Amino acid sequence: MLKKHNYDDTNKLLKLIAEHLSRREDCRRVEYEVTIEYGITISPSIYVFPDIHRRKKSDREHIIDHIIEHHFDKDENGEPKFALIAGVYKYELSSTKKSRRWRLIKSL
4 MLKKHNYDDT NKLLKLIAEH LSRREDCRRV EYEVTIEYGI TISPSIYVFP
54 DIHRRKKSDR EHIIDHIIEH HFDKDENGEP KFALIAGVYK YELSSTKKSR
104 RWRLIKSL
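According to this note's numbering, the sequence shown holds residues 4 to 111 in order.
Calculated directly from the structure, the hints in this document are not laboratory data.
Remember, it's a predicted structure, so these values are computed and weren't measured experimentally.
Cβ atoms here follow ideal geometry from the backbone N, Cα and C, with glycine treated the same way.
Don't take every hint at face value.
Derived DSS-like pairs (lysine-lysine); straight-line CA-CA distance at most 27 Å [stated by the list, open to error]:
no. : residue 1 : residue 2
1   : K60       : K100
2   : K109      : K60
3   : K18       : K93
4   : K15       : K100
5   : K18       : K109
6   : K59       : K109
7   : K15       : K77
8   : K101      : K18
9   : K84       : K101
10  : K101      : K15
11  : K15       : K84
12  : K18       : K84
13  : K101      : K60
14  : K77       : K100
15  : K15       : K109
Quick list of the computed label-pair ranges, beta carbon to beta carbon [said to hold, decoys possible]:
no. : residue 1 : residue 2 : range
16  : K18       : D54       : 17 to 25 Å
17  : H73       : D29       : 29 to 37 Å
18  : Y10       : K60       : 35 to 43 Å
19  : K109      : I55       : 30 to 38 Å
20  : P53       : K101      : 17 to 25 Å
21  : E79       : R26       : 14 to 22 Å
22  : Y10       : Y41       : 17 to 25 Å
23  : S61       : D11       : 29 to 37 Å
24  : R104      : D68       : 32 to 40 Å
25  : Y10       : G42       : 30 to 38 Å
26  : A89       : S48       : 14 to 22 Å
27  : E40       : K60       : 17 to 25 Å
28  : L107      : P47       : 14 to 22 Å
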């Protein structure tokens with residue numbers, strides 16, 4: 004049986020990705036696929052700036068790295084602590100193209 008915190012952490016990660024992408028004009032109306040297995044990958048690959056003050060090209064971070072570093076709690080060693088449910092998730096457009104939602108495509 005899956006533990007509730009695994010579901011909560013996975014849901015939090017997917018919601019944070021959606022939040023970050025919905026604010027960007029160039030990321031709207033695009034379907035994304037996130038694979039959680041031994042690592043976390045997103046296709047197509049997206050880079051973000053850490054904040055509004057650091058916007059040089061060298062400051063860009065991969066969206067997954069940014070979310071894990073800035074939005075998840077850390078343990079006493081400074082490592083992020085979370086437990087995710089493995090699978091392939093797709094952020095897809097509705098048939099009317101006005102809304103999107105995450106859908107589990109395949110459990111791993």
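Do the hints match the structure? See the list:
no. : hint                   : result
1   : K60 / K100             : violated (32 Å)
2   : K109 / K60             : violated (35 Å)
3   : K18 / K93              : holds (12 Å)
4   : K15 / K100             : holds (24 Å)
5   : K18 / K109             : holds (18 Å)
6   : K59 / K109             : violated (37 Å)
7   : K15 / K77              : holds (15 Å)
8   : K101 / K18             : holds (17 Å)
9   : K84 / K101             : violated (34 Å)
10  : K101 / K15             : holds (22 Å)
11  : K15 / K84              : holds (13 Å)
12  : K18 / K84              : holds (17 Å)
13  : K101 / K60             : violated (32 Å)
14  : K77 / K100             : violated (37 Å)
15  : K15 / K109             : holds (19 Å)
16  : K18 / D54: 17 to 25 Å  : holds (20 Å)
17  : H73 / D29: 29 to 37 Å  : violated (21 Å)
18  : Y10 / K60: 35 to 43 Å  : holds (37 Å)
19  : K109 / I55: 30 to 38 Å : holds (37 Å)
20  : P53 / K101: 17 to 25 Å : violated (31 Å)
21  : E79 / R26: 14 to 22 Å  : violated (33 Å)
22  : Y10 / Y41: 17 to 25 Å  : holds (19 Å)
23  : S61 / D11: 29 to 37 Å  : holds (34 Å)
24  : R104 / D68: 32 to 40 Å : violated (24 Å)
25  : Y10 / G42: 30 to 38 Å  : violated (19 Å)
26  : A89 / S48: 14 to 22 Å  : holds (20 Å)
27  : E40 / K60: 17 to 25 Å  : violated (30 Å)
28  : L107 / P47: 14 to 22 Å : holds (20 Å)
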